[in-house]
Amino acid sequence: GENVEQHPSTLSVQEGDSAVIKCTYSDSASNYFPWYKQELGKRPQLIIDIRSNVGEKKDQRIAVTLNKTAKHFSLHITETQPEDSAVYFCAPKRTGRRALTFGSGTRLQVQP
Amino acid sequence: DVKVTQSSRYLVKRTGEKVFLECVQDMDHENMFWYRQDPGLGLRLIYFSYDVKMKEKGDIPEGYSVSREKKERFSLILESASTNQTSMYLCASSLSSTGNQPQHFGDGTRLSIL
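Order-wise, the sequence lines are chains G and C. Numbering follows the numbering used here, with no gaps: position 94 of the first sequence is 94. Numbering follows the numbering used here, with no gaps: position 45 of the second sequence is 1045.
Don't read these hints as lab results, they were simulated from the structure. Certain hints may be false.
Where chain G lies over chain C, by a calculated footprint (3+ residues, C-beta under 8 Å) [unchecked claim]:
hint, segment
1, 1044-1056
2, 1101-1113
Calculated from the model, a selection of chain G residues having no Cβ within reach of chain C, i.e. all distances over 10 Å [claimed, not checked]:
hint, residue
3, 17
4, 29
5, 54
6, 76
7, 83
8, 109
Quick list of simulated restraints, FRET-style, between CB atoms [claimed, not checked]:
hint, chain 1, residue 1, chain 2, residue 2, range
9, G, 40, C, 1059, 18 to 28 Å
10, C, 1065, G, 96, 20 to 30 Å
11, G, 46, C, 1059, 13 to 23 Å
The C-beta atom is built at its ideal place from N, Cα and C for all residues, glycine as well.
Based on the sequences and whatever the hints tell you, model everything.
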């Protein structure tokens, strides 16, 4: 099965700073790399994903970068805002595998 | 928009009871999943189903069973509830069996076993 590690487990930044969360995986056949955001008391929701034929993807203030050789991918949030405060989960997967394997989560706190 | 509905937001049961958690999705998704979420442990997969009457064990299936008699409905069953099953339970669905599509989650059921 897939071994997934997320770092850091908690992250506190000042509003306007950048935040980076890293996800390391073990299955070299993984080819789909999503990030989910879970605000307090709410359901997890997909915020961005990338496939293995792409090294980087950006959507406004969030971006994901992939290093297939090193088997890790990262979530980058620029110009952080208080509404970015949440728990973020990575969940790498390979085609043919039915289920995602979630990391243990990173709690991001953006201080106003 | 995909809607995944869990029958209860909060539930309190007693040790030894048989507990049913229900989940319904309205988008004709093939896959449905049950996770439990505990602080510091992320989302751990209990069971999933890729078709009616089909099921596969996830990472932590002990003490649980599931039922999928209709495509839109996936039930999680705690055969004899124990206090270590107190947790947040999340249901999710996704479109196709093995492709790479996002999972859509319900609001969760916070289950307390006394």
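Comparing the hints with the structure gives:
1. 1044-1056: That given contact holds, which follows from 5 residues of the segment 1044-1056 of chain C lying within Cβ reach (below 8 Å) of chain G.
2. 1101-1113: holds (count 6)
3. 17: holds (25 Å)
4. 29: The claim holds: residue 29 of chain G sits with its nearest Cβ about 12 Å from chain C, beyond 10 Å.
5. 54: holds (13 Å)
6. 76: Holds, since 20 Å exceeds 10 Å.
7. 83: At roughly 19 Å from the nearest Cβ of chain C, residue 83 of chain G sits farther out than 10 Å, so the non-interface label holds.
8. 109: Holds: least Cβ distance 15 Å, greater than 10 Å.
9. G:40 x C:1059: 18 to 28 Å: holds (25 Å)
10. C:1065 x G:96: 20 to 30 Å: For residue 1065 of chain C and residue 96 of chain G the Cβ distance comes to about 26 Å; the hint holds.
11. G:46 x C:1059: 13 to 23 Å: holds (21 Å)
In this structure, every one of the numbered hints holds.
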